[in-house]
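My numbering numbers the first residue of the sequence shown as 57 and each following residue consecutively.
FYI, nobody ran anything at the bench for these hints, they're computed from the structure. Note that the Cβ used here is the ideal one computed from N, Cα and C, for glycine as well. One or more of the hints may lead you astray.
As the list claims (entries may be wrong) - Now the in silico label distances, taken between C-beta atoms and shown as ranges:
hint, residue 1, residue 2, range
1, Gln115, Pro139, 27 to 33 Å
2, Ser197, Ala86, 29 to 35 Å
3, Arg118, Asp87, 17 to 23 Å
4, Gly137, Gly207, 22 to 28 Å
5, Pro69, Gly137, 23 to 29 Å
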Amino acid sequence: MIEAQILPTPTGPLALLSHEGVIVAAGFTADPSEMFARLSPRLQESGLRQVADLGRPAQAVRDYLDGDLTALDDVELTQPGTPKRQRLLTALRQVPPGVTISYAELAERAGMPRTAARAAGAACAQNLIAPFVPCHRILPSTGGFGGYYYGTPVKRWLLTHENALAQTSVL
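Work the whole structure out from these sequences, hints included.
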């Protein structure tokens, strides 16, 4: 069974979906079925039910919102993808809070400089586990915020939250 919990955040509700204690999807929506629809057919066969508390992953989100910017880093998660996509997602998860990089730099950090921005952008667009896999930290080299599955205002809020706290932890 896929278990879902909706958490309030300053930028709107965040749906967390867990299978056997591992996060398989997370996104800024009040409707967990939106995230459920993006899962593999194998996982969808498990069914979906909403629960009051997913435990550690939910607490990690609360801790992140309260200022512990590394709280999401240790939550166990899994999502599908080719070996290349998995390398990009791993590199993405290693971008620290308060830091932004370009899509081309993400590809380079994943050891795939020839893949460049296109593959990195596709990995971000297909990311099922925001903000645990922080695709919001990737910006186009041409400037601006670029796209974000949950909208630019959510991406802007996440970056502002992290930047403000990262700055104060340096002082």
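Tell me if the beta carbons of Arg118 and Asp87 are separated by a distance inside 17 to 23 Å. 21 Å, holds
Return holds or violated for the Cβ distance of Gly137 and Gly207 against the range 22 to 28 Å. 23 Å, holds
For Ser197 and Ala86, compare the CB-CB distance with the range 29 to 35 Å and indicate the outcome. Holds, since Ser197 and Ala86 (Cβ atoms, about 34 Å apart) stay within the stated range.
When you take the CB atoms of Pro69 and Gly137, is the distance between them in 23 to 29 Å? 26 Å, holds
Verdict for Gln115, Pro139 (Cβ pair) under range 27 to 33 Å: Given a distance of about 32 Å, which is inside 27 to 33 Å, the answer is holds.
Hint compliance for this structure: no hint is broken.
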